[in-house]
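Under my numbering, think of the first position of the sequence shown as 6, with each following residue one higher.
Note that these hints are calculated values from the structure, not bench results.
Keep in mind that this is a model prediction, so the values were computed, not measured.
Keep in mind that a hint or two might mislead.
Claimed, not checked - Straight-line distance between alpha carbons at most 27 Å, and here's what the computed DSS-like set of lysine-lysine pairs gives: (1) K244 / K188; (2) K184 / K284; (3) K263 / K244; (4) K188 / K261.
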Amino acid sequence: MAGQVALSVGMLSRRFPERYVAAWQIARAALEIKREDRQLSYASKVPDSIQCEPGAALRVLGIGSGSGEVDSAMLKKVLQRHKTVYNRVVEPSGEMLERYKTLVREDKSLGAVTFDWRQQTAEEYFQTKEDTKFHLVHAIQVLYNVEDHHATLRNMWEQVESGGYMLVAMESDHSDLGKLHYKLWDEFGQGDRLKTSLRSSGDVKQWLDARGISYVTWENINVNFNVTECFKEDSEAGKMLLDFLTLTPYVSSDTKIKSMVLDFIRCNSSLADGKVIFKASSDVVVAFRRK
């Protein structure tokens, strides 16, 4: 595996999807934040000013909704101002959709929401050429994994109703984790970075700027990772966590890449209660469609 890692920089989810899911589970366990706080931090960025036609249900489109924890928090925010909501859920994983459906069955506060379940990738969904326009289209921490970053943003924007919003959350290019991604790519990446998962909120803003689309950015939704295991030589959990943080498979098999990554993390971490803490920080970019 050594020597091949550089060819796969930023390609963890594409080339090793099962390892990506396993690494994601390790990373979730390493997060030093309550899930509820993280969910509410995203929900709080949903605009209060979303409007819909009189007597109609507010229409929401979620891209890559996963198991629904964040989406449901956002729906509850919308329900504070709208009596009924139509929510189309696009999620390729059948397991994640079942978890989301279970959440909906158990949470009676979502009773005013009509769900339209679509087990599809973003690419498969947009190929159907749906005519429905939505008052809110969102993608929370998922645009790392779509095939074409720009095409997905374009397709999302085209489904936003006039007067509606597109909301995208991604790792900040100014965060410690975002800087690690750029350093990793600068030193070892090959080809076009946007063809990998090493994407950031800066790429979203650049796409919007190029089209003259107005937006606001909510910065510093901070999370801390306990990365202590990464510095233990024989820790499988540490190896998986390194893969997740770099979005690159088998980082520990390449001495040069592993050394650079660990040096960067070491220089940009803090110690707390005997744990090594590495910070990540997401931005939420909210674009308004005037017409």
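Against the structure, the hints come out as follows:
1. Of the supplied pair hints, the one linking K244 and K188 holds, its CA atoms being roughly 19 Å apart against a limit of 27 Å.
2. The hinted pair formed by K184 and K284 meets the criterion: a straight-line CA distance of about 11 Å does not exceed 27 Å.
3. Among the hinted pairs, K263 with K244 is consistent with the structure: their alpha-carbon atoms are about 10 Å apart, no more than 27 Å.
4. Among the hinted pairs, K188 with K261 is consistent with the structure: their alpha-carbon atoms are about 13 Å apart, no more than 27 Å.
The structure shown violates none of the earlier numbered hints.
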